[in-house]
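Asks: Starting from the known structure of chain C, fit chains W, E and X onto it as the hints suggest.
Number of protein chains: 4
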Amino acid sequence: MKSFHDECAVFGIWGDNEAGRMAYLGLFAQQHRGQESSGIVTLNEKEHLHHKGLGLVGEVFDEASLERLKGHAAIGHNRYSTTGSNLIANAQPLSAMLFSGPVAIAHNGNIVNAKAIREELISQGSIFQGTNDTEVVLHLLSRNPTRDFIQNLKDSAQKIEGAYSFTILTGDKLIAMRDPYGFRPLVLGRRKLENGSVSVVIASETCALDLIGAKFEREIEPGEIFWVTHEGEYSIKIEKKVEKTAHCVFEHVYFSRPDSFVFGKSVYEARKAMGRELAKESAVDADLVIPVPDSGVPAALGYSAESGLPFELGIIRNHYIGRTFIQPSQSIRSFGVKIKLNPQSHILRGKRVVVVDDSLVRGTTSQKIIRLIRSAGAKEVHFRLASPPTTGSCYYGVDTPKREQLIASHKSVEEIREFIGADSLAFLSPDGLMSAVGSKERGFCAACFTGRYPTDLYGLDKE
Amino acid sequence: MKSFHDECAVFGIWGDNEAGRMAYLGLFAQQHRGQESSGIVTLNEKEHLHHKGLGLVGEVFDEASLERLKGHAAIGHNRYSTTGSNLIANAQPLSAMLFSGPVAIAHNGNIVNAKAIREELISQGSIFQGTNDTEVVLHLLSRNPTRDFIQNLKDSAQKIEGAYSFTILTGDKLIAMRDPYGFRPLVLGRRKLENGSVSVVIASETCALDLIGAKFEREIEPGEIFWVTHEGEYSIKIEKKVEKTAHCVFEHVYFSRPDSFVFGKSVYEARKAMGRELAKESAVDADLVIPVPDSGVPAALGYSAESGLPFELGIIRNHYIGRTFIQPSQSIRSFGVKIKLNPQSHILRGKRVVVVDDSLVRGTTSQKIIRLIRSAGAKEVHFRLASPPTTGSCYYGVDTPKREQLIASHKSVEEIREFIGADSLAFLSPDGLMSAVGSKERGFCAACFTGRYPTDLYGLDKE
Amino acid sequence: MKSFHDECAVFGIWGDNEAGRMAYLGLFAQQHRGQESSGIVTLNEKEHLHHKGLGLVGEVFDEASLERLKGHAAIGHNRYSTTGSNLIANAQPLSAMLFSGPVAIAHNGNIVNAKAIREELISQGSIFQGTNDTEVVLHLLSRNPTRDFIQNLKDSAQKIEGAYSFTILTGDKLIAMRDPYGFRPLVLGRRKLENGSVSVVIASETCALDLIGAKFEREIEPGEIFWVTHEGEYSIKIEKKVEKTAHCVFEHVYFSRPDSFVFGKSVYEARKAMGRELAKESAVDADLVIPVPDSGVPAALGYSAESGLPFELGIIRNHYIGRTFIQPSQSIRSFGVKIKLNPQSHILRGKRVVVVDDSLVRGTTSQKIIRLIRSAGAKEVHFRLASPPTTGSCYYGVDTPKREQLIASHKSVEEIREFIGADSLAFLSPDGLMSAVGSKERGFCAACFTGRYPTDLYGLDKE
Amino acid sequence: MKSFHDECAVFGIWGDNEAGRMAYLGLFAQQHRGQESSGIVTLNEKEHLHHKGLGLVGEVFDEASLERLKGHAAIGHNRYSTTGSNLIANAQPLSAMLFSGPVAIAHNGNIVNAKAIREELISQGSIFQGTNDTEVVLHLLSRNPTRDFIQNLKDSAQKIEGAYSFTILTGDKLIAMRDPYGFRPLVLGRRKLENGSVSVVIASETCALDLIGAKFEREIEPGEIFWVTHEGEYSIKIEKKVEKTAHCVFEHVYFSRPDSFVFGKSVYEARKAMGRELAKESAVDADLVIPVPDSGVPAALGYSAESGLPFELGIIRNHYIGRTFIQPSQSIRSFGVKIKLNPQSHILRGKRVVVVDDSLVRGTTSQKIIRLIRSAGAKEVHFRLASPPTTGSCYYGVDTPKREQLIASHKSVEEIREFIGADSLAFLSPDGLMSAVGSKERGFCAACFTGRYPTDLYGLDKE
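Residue numbers (the numbering used here), protein chains in the order written: chain C, 1 to 463; chain W, 1 to 463; chain E, 1 to 463; chain X, 1 to 463.
The following block holds chain C by itself, in its conformation from the complex:
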């Protein structure tokens, strides 16, 4: 029940004669990371074939388009849902014919200094088709006179700042590249084919490896450029040092699929641990624990296990919701939320209920859910969030609302409690969150909770 969205999924594969179909499956498994558009580029001999379109993976591709996407290597991309006028021009992978040959690029993240680079490039005569930051990278690559593509990438990395997990396809190689902070996840796996050979697979999340039967090997390291050709595999580091990594903690809180391993840790376990920490920090005398489905389920299980309160599916979610829904003109109480969520009176009536959700952004949905639970007869509603109050926007690839729309940016916890109508309200502390995701071994970015951004923001926060 969140109102923001991740900036996409990437995928790459090398060494499989059904590379296009594998990319389709890899994108399918990562559909939750982007529903606006989907695209695949394959490498067939030395030629690029591509297909992209608006909609879900299953809508964009059909048997005919996959049949056309021949080749032994591919990259793919899902884009998140937004509104805008030139959507198809923003769909990825983006392609260009450079002096060094064809190149296609798929990007998860956000380049914070894209605007300045873009303006400079336009003044030098570059023509931009869309409005996304990734096109800047393509132009930087095209403007570099070097014919050594890897060197070209290294040069570009000196100019761009921010979050990027790339899969890139040229006329002879598949490349995976990740910014030095490691904001977004990017993993490497291998898949044994029937003929005995082994393909290299790159994906945003491990759930994509699982679906196609690939084995997770390791993360692409922050600051690493990894590539594979017919000759072999190579890895170098970008010449740009950062103090420590800044993995996006929101991947664990909300974005990633619970069955993925992200930043070396099971998302499901991280969420359960958040629930446990939350129970330790904010115990309350109650009769049962219920999740806001589906995002709050693991944390609620953790809360239940730690607190000893029984876990119940007090709200049932309807999964048949499509993307358009026609509303009646007369008002139906709590209609907007009830389309998806139905509370169970026989469970809730007369009970003191702990309700667990992953995070709280605007507060309006939480308000509606609490009303729903009360109308089903709950005696007390204790709202518990498995993350701290969201006080800042993200500039590294998460489409959060503007700061003003974040309720915690201008209201105290008590004011929020009053607004959403809970009997009690508690958020997980930043320390509790860090402990749940295992921050000792890893450096995390929690700027949306703390306001401490790991990079310069190039004025993005003032727009």
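Hints were generated in silico from the structure; no laboratory data involved. By construction, the Cβ of each residue, glycine as well, lies at the ideal position given by its N, Cα and C atoms. Be aware that one or more of the hints could be misleading.
Unchecked claim - Result set (DSBU-like, lysine-lysine): computed pairs, CA atoms no more than 30 Å apart in a straight line:
1) X/340 / E/265
2) X/192 / E/379
3) W/265 / C/379
4) C/192 / W/340
5) X/368 / E/215
6) E/402 / W/46
7) W/340 / C/265
8) W/351 / C/280
9) X/70 / C/115
10) W/115 / E/440
11) W/265 / C/368
12) W/46 / E/192
13) E/440 / X/351
14) W/351 / C/440
15) W/46 / C/215
16) C/192 / W/368
17) E/351 / X/70
18) E/351 / X/265
19) C/192 / W/351
20) W/368 / C/215
21) X/379 / E/215
22) C/351 / W/215
23) C/368 / W/215
24) E/192 / X/379
25) E/280 / X/351
26) C/265 / W/46
27) W/402 / E/46
28) W/46 / E/462
29) X/265 / E/368
30) W/115 / E/173
Unchecked claim - Rough simulated footprint, nothing fancy, chain W against chain E, three-plus residues with beta-carbon under 8 Å:
31) 112 to 125
32) 128 to 139
33) 448 to 458
Replies: Positioned in the frame of chain C, the structure of chains W, E and X alone reads:
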């Protein structure tokens, strides 16, 4: 993860100027009962307006079609998914112009002696458009010279045998009618409108009442004909006595939404009770309990509560699956199941796992799921079903496979265990099931588990 | 540029393993007779296969649907464009399963006593799906206890009155049947197949025979029932005598394709003859003759040949017009007509122009065309119609406007001239028309011009 | 019945608050010049709004898209039909954001040195999205550091060679620009609005002016840059001199609509004059003259007028043909041609027929048409072409087949006559053609007939 489907949802509403839109919502909430086609007929003054089509509710109706469906009363229908050549002719509600005026009918169930009646009607000159049993009822109504429509329904009820929960719309009334056995659910609710008046709502399941904010009042009784007109509300009984009711126990086991009340009992609670009974009957020394999502979740919660074994989401379900999916030509291990279900190794590895599902039909899916769980590292897999072995087909409106395809019709429990590859296998006993659904107050049909059919089958079992 | 439409095209074929595809071609060639819906039923062994839909032939059928339409015999139908709520139920061929087996029927014409028969059938318990008169025939057939289908047809012919050219397919025969008046055309041809055998082809117009390479043999006679089975060909007469035939003269004036032979005469030649007669009757001193394209072209050629005035394409027609066109909100002079027709100033400027069209119904289009011609600089506009003033509606299968909307029903020729803004106006005389179509050998219905209807109208003229 | 296609229509309008809808109409009137894709860009205040898509004008635009295309100025483009992988990227108008602001460009013609410029631009870091020559112009404009857009256009004109009729829209002006040879037509008109103001209209053909009620004023001169802003209208000349103009004679022979004025002359009159010249040059003893419809009609009228032989529509064309047509697997004699054309035996039987078409390219269609005419019973077939033998490809914007596929490039007239099966064959002489189009006042390009190309071809003829 079941391979059979219910025969539809019905809906009816009287006394709401947005009756068409309310029917749309009521069908939407009951989408799980039928995805092949959907249709609505409204009563506008004395005229019927109708719209139906193939696909999900959200695909069949748009703003324009709902705008056209004016009127103060409506009935609607969702049909289950099947293959066939003349699908649109079978889509419901079915309509006709009788001597007494327009009539439209929506049917959940199956009329077991439809074939014989149909043949007789054709020999008398009736023309059938589709191949479904409901058309028979329309022809029986049209052939009766009486102009008293309720009498006409009573007369027809003497001729038809089997399962029927009808919503019927004429030129001046909304009718709900249920067979004397009460095979399929049918409920009556009321909804307060903004202007203070109250509309009458009929639905297969209470979840449809919940969505539109209607209050559940009572079930339409087995053998009851209930109707509402501008003058008032009426109720009579069909002149056909049966020894005891035969509510479909499978509604509780699998079909109905967990947030519905069916046959007077919460489906979610019934399923949890099945899990508890199962734990009592078939305890096993294990480390954790996991459900086959989503259908096995409530029973697994019950099993966990009763057994004290921890509950975990050991398998994560991907809800983005559409209706078509393109497979790669190369084999990917367990691909068919993995598209929907991803096991979590970090939870399962080295563990003795109790896996709970609602029922077992062909056994092939269970086999795949168990392979998946083993490949994720589980040490032992103890499969538990929250219902008895399915040994017989249903002729009362559930599209079960033929008897030969039901694995339990020709294999012992031990043989099934071997086939699906479990370390142990146990089914809930018929007594345990009856105890879970509260059969003392209610008579249930469990013919698919016991072979005891409450009615003559008119040769359907020999086809 | 006419605003009325014919009631359909029919087609039938026996003895071709690509019967379905031949029907597709036959309907395609007859697209001008009906654009609302199209349908084909084939006979595969003893089973009927069918496909119909709304739209043009090329929209309704695709490779997949034609592939499914297997069989050695087929009938097909195009329906004219209209508005209505239940279009698909009215699409033909109509099908039913009778006691004698499957039957499908395609109809061109209109049964004038359909309403009375329909009401009687409903009172006897028949259920009607659509609102068209053809369904009445199906019910008459279904109600007859005889198992001799041809006898059944003969019996039905005693009850129905009006215009009908049928192609009918049963489980073992293809039938062509035409009313005793012969209102609508119906022709028989034969086509030599590659394997040496010969198929029997039935069509409304000979242009359908031409496209598939069939040879015209003869008309189906008025009052004839012709059928073909695996055993042979048969022909009988309906037991209903009429004084003389009543071929629809409007087929020659406007409906039929100019390259068809209708009622034994070339439509193109008939139209040229009308133009010649018109020039004899209504000569005028002018500089050139131009047609209203495309319907006025042959008559204008005839007028030019007879009068000696030069023929010019003074108005060019744009054939790219689709069925929807979005208009600007600001007014553009004569926009509605200019979308299709562009006058050529360099031809018309300063000239005295004879403009020839086929007929005049409401007068509004003629008014716009004359304005267009004047705005292009013509000095004088002499409007000539190749048929008499239309004063009555048609009840035999032509969708003419109601009587009140026919300008000639309430205005004199001089008043019409004034209304449309011509310098002179002349219509072809009824005698001239009859002479052009060769009425001596044939009896024609010209009721729309003369008001003399050949049959009782059963109150249709009072509705 | 031609197998080549023009390279597009352009349109522009300034000073109309319904500029987008006017562009829609202007493109609609010019649909014959391009059916692959269509697009419109409007100028709303200082912002560009755009919509383009694959298909006919009526398919690409709907009420919603036109509603969005607000603004007081617009340009539009229709693209011809071809095959290719990246069609949407080639659809025009092409847009870019330059340093000087937004620019959109619509192009009719072909730039012969595009390939060399393109390669140089890529080596300098430009990224190309599509494969068409127009994108080169956009990049030339973007690379020029000047902020004076008109100067930028003048500079670019020094670099590009070939055929171009442009409409261009910037943030504050509408520009029309035509190459010094004047290969492709481009006209200027004005339209009086209801509110008394006057809009400026640019189009490829005058038929676009006619539809929206604009008055033709003059041609945009070869080598002229004309523009209009809120301040006024301006015109300058490109600094590039050519000896004489090279208007494409094929516009008169085939491409343009007969109701257009092109290069100062009525296309219809030019075609009639060709027919007259043809009759003078190649008289033959015959019974009648028939056109190949629709392209041969005006020339056949001219031939008939000059020769005194009667004109007949001996072949009727079916205008209902869509873009896909499913063929039967069995062979039907002359099927491919009969789908569109039906010969009339009653006119042709036993006759000596002069058949007039506009031009002959591969000869295969002519061969089929002649077979068709003979099968309809013609005694003699004298084939007459209203243009000389086509011996060379066009590189100035006409999609002619490659030289090898032009039958006249390797066969003599006598050999062609034998191939197509005519009793006699004659082409209009180059002199006759020039006399018909009035070449004395105007310089024409007839390179496809003469091999004399007015510009360097930059190796295009060797590809």
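Asks: Decide if the proposed pair is consistent with the structure: residue 115 of chain W and residue 173 of chain E, CA atoms, cutoff 30 Å inclusive.
Replies: holds, 27 Å
Asks: Could you grab the alpha-carbon distance between residue 402 of chain W and residue 46 of chain E and see if it respects the 30 Å cut-off?
Replies: holds, 28 Å
Asks: With the threshold set at 30 Å, check whether the alpha-carbon distance from residue 46 of chain W to residue 192 of chain E stays at or below it.
Replies: violated, 56 Å
Asks: Taken at face value, is the distance from the CA of residue 351 of chain X to the CA of residue 280 of chain E at most 30 Å?
Replies: holds, 27 Å
Asks: Does the structure keep residue 46 of chain W and residue 462 of chain E at a Cα separation of 30 Å or less?
Replies: Status holds; Cα separation ~25 Å.
Asks: Holds or violated: are the alpha carbons of residue 192 of chain C and residue 340 of chain W at most 30 Å from each other?
Replies: Answer holds: residue 192 of chain C to residue 340 of chain W is near 22 Å, not above 30 Å.
Asks: Measure nothing beyond the straight line between the CA atoms of residue 368 of chain C and residue 215 of chain W; if it is 30 Å or shorter, mark the hint as holding.
Replies: Between residue 368 of chain C and residue 215 of chain W the Cα gap is close to 19 Å, so the pair holds against 30 Å.
Asks: Compare the distance between the alpha carbons of residue 368 of chain W and residue 215 of chain C with 30 Å, and conclude whether the hinted pair is satisfied.
Replies: holds, 19 Å
Asks: Under the criterion that the straight-line Cα-Cα distance not exceed 30 Å, is the pair residue 368 of chain X, residue 215 of chain E satisfied?
Replies: Given pair residue 368 of chain X, residue 215 of chain E holds - Cα atoms ~20 Å apart, limit 30 Å.
Asks: So if I understand the rule, the pair passes when the alpha-carbon distance is 30 Å or less; does residue 351 of chain C with residue 215 of chain W pass?
Replies: Satisfied, since the Cα-Cα distance of roughly 21 Å is no more than 30 Å.
Asks: If you draw a straight line from the CA of residue 192 of chain X to the CA of residue 379 of chain E, is it 30 Å or shorter?
Replies: holds, 24 Å
Asks: Hinted pair, alpha-carbon criterion (30 Å max): residue 402 of chain E, residue 46 of chain W. Please report holds or violated.
Replies: holds, 27 Å
Violated hints for the displayed structure, listed by number in ascending order: 10, 12, 15, 17, 26 and 33.
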